[in-house]
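Student: In case you want the letters, here they are:
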Amino acid sequence: MRTLIRKELKIMFKEKGTFFWLIGLPIIFIVLFASIFGNSDQTLTIHYLDQDRSALSKTFIKQIEKMKGFKLQEETSKPMEEQVQDIKNGKLSSLVVIPRGFEKKMKSGIHTQILLYRDVTSDQTVASIRAILQNMSSQYREIKLQDSLLAMGKTKAEVTKTLQSPISIKEISQHSTKVDIITQVIPGFTVMFVFFIMINMIQRFFKEKDSGMIARLQSTAINPIHYLLGMWIPFVIAVLVQCTTLISFGYFVYDLKLGNVLAIMLLVLCLSLCGTGIGLAVTFLISGENQGVVLAQLFSMGTAMVAGLWMPIELLPSFAQMIGKFTPQYWAQQGFQDVMLRGADISDIWISLMILIAYGLVGLIIALICFPRFIRSATN
Amino acid sequence: MGTILKVDRLEKTYGEKKALQNVSFTVSQGTCFGLLGPNGAGKSTTMKILTGIIQADGGNIHIFGKDIKKQSKAILHQIGYVPQSITLYEQLSAYDNLVFFGEMYGVYGQPLKQRIAEALEQTGLSDRAKDAIKTFSGGMKRRINIAAALLHRPKLLILDEPTVGIDPQSRNHIFQMIRSLIKEGMTIIYSTHYMEEVEALCNDIAIIDHGNVITQGPLNELLEKYSQKAVYIEAEGLSGIPQLNNVTKIYEEGQGWVLETDTITETMAKILHLASRNNWHLKRLEMIRPSLENVFLSLTGTKLRD
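One line per chain: the protein sequences are Y and E, in this order.
Terminal number for the first sequence in UniProt numbering: 380, no gaps in between.
Terminal number for the second sequence in UniProt numbering: 306, no gaps in between.
Be aware that one or more of the hints could be misleading.
Covered by chain E, per the in silico footprint, the following chain Y stretches (three or more residues, Cβ under 8 Å) [said to hold, decoys possible]:
(1) 5–11
(2) 206–219
(3) 343–354
Calculated cross-link-like contacts (lysine-lysine; reagent style PhoX-like; alpha-carbon spacing at most 25 Å) [claimed, not checked]:
(4) E:K183 / Y:K10
(5) Y:K209 / E:K134
(6) E:K18 / Y:K10
In short, the hints are calculated from the structure, not lab data.
We put the CB at the ideal spot given by N, CA and C, even for glycine.
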């Protein structure tokens, strides 16, 4: 068995593709996602057109500017009609217009309107701008009420008490570490690419079968179970090396907070048993290499999406979240994030560990049942 | 010489197809036994059953006096098997491949290193030991393929079409390897559909066709028994051969004529006499060497390569 393990590790080492699929590609994904989303400017640009160009309209604009997360951009290069056409053509998501006479109407106490032109397909972006404008509108109403109450002879304290909302919101942070893109993508892509080992496993086993190697090794009186273990263990080692490399990359390059290292190590071990166990089952269940590779890709990519490996699972539709909970990737990701973000230790992530082991064991049992058929097909 | 292998009424069926039907033969110790037959005759199936790769549906095999069904492990440790396909790891070096197969056969450490050195010497590939197999020619791969089955010093070496698709030079090298193994006392079973290879290497043969052994015995005896003796004549200006006594059949072949007869020398003397009397300008007059092709033809009515 040692001979088989050593041989298989040597072959893996010589196959440059193995490193690319298991380590190179995930690193590219991590760097790409971290660069795009990690350092991105999260401010939302509000395009506006000030037709009034008065002191009041400028004050209104300045008040929006003071709000965090928003950037204002005045659109003066084109006439308003053309900009409205741009919205229709999908080139612009929204345009805030302060119409002529804004100051005059405000001073005269006449109701005035701020116009919000919007693309109906950009609900998510426009919702934030609409909320800002409504907030501004409320503030103006509050000032108007305050002035009226003061004019009625109320004291400042009475006015403040009257205008005070019956409820207020107090933010209490429960996490010691900030949830950011790094703690999403590094464990996420690590977990996702662990399951790519299935492709390597399928290719190696079918190469052994098609080349006649399995038949030849049968003539050496090898125990078939020793052969199976000798082929499987190198893949477990490969996943351990893969996870260690990717998490270390995150730690050294992106300052990823690891939390309880022992818990992370246990998760990696269980994940490797799970990924390779399922890989063995798929290898012996399928009838051909191409079919297996397609299945493995579909499984790895499809389940990664619903398991919340690409984006936080909370952002997915509820049915997708429900499906995600049936995938081993979800539990692996939850385990990693519990340890890295919420300071969990081994006792806190036991459900994740057990579920990963259970998936791995089911895979191994299926593999053991189907293995004799695979050997027969390799020798006949 | 004692019997090292006894195959008795071997049967194997794949689905509806009977691959082997009552295959029986024996192999004596220290001989090179040729298993000759066309593609699909059942040679590889027989080899795989002998090496424990697949199980027979019926019949018995005794190797070294032991029943393969009961003592397969003990038997297989004394057998070296060279499959028809080149089963080596292309990414690994010749040396690493030999280490792998040596260890799979239970040879480790210094003895293995020594045997690998000997095997590389024997194959003439010592200088390429560290090169990856994928850089080797087909013939070189075939040689390493054979060497991989020799590292545990088996008593019986089973070669299944070991020269398929290689150049004549590599074939000669392999023949030299096999001859030296026979000299060392190893018993060899050599399966092929090339009759020239059997004629060049083997003492005893069995001819197999459609899953049946149609004949077996010492090569010379079979050639004597089944091959038709004949004389070939080629002469300028010769338009026909007169009927001669003891000549059973005359037919054209190439630029000349073949005369089938059991009295070779008498027939050749008569031809020389006729040539002198009729002023034939003889270009060739020779005895046709009996061949396994003729043996196969006379037993099955078809040519070996049909």
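Student: Indicate, hint by hint, whether the structure satisfies it.
Tutor: Going through the hints against the structure:
Under a criterion of three residues with beta carbons nearer than 8 Å to beta carbons of chain E, the stated coverage of the region 5–11 of chain Y is upheld, 3 such residues being counted. Using a Cβ-Cβ cut-off of 8 Å, 8 residues of the region 206–219 of chain Y lie near chain E, which meets the minimum of three, so the contact claim holds. Counting residues of the region 343–354 of chain Y whose CB lies closer than 8 Å to any CB of chain E gives 0, so the stated coverage by that chain is violated, three being the minimum. Taken as a hint, the E:K183 and Y:K10 pair is broken in the structure, with Cα atoms around 37 Å apart against an allowance of 25 Å.
Annotation: proposed proximity of Y:K209 to E:K134 holds, straight-line Cα distance about 18 Å (limit 25 Å). Proximity of E:K18 to Y:K10 is assessed by CA-CA distance (about 41 Å); at most 25 Å being required, the pair is judged violated.
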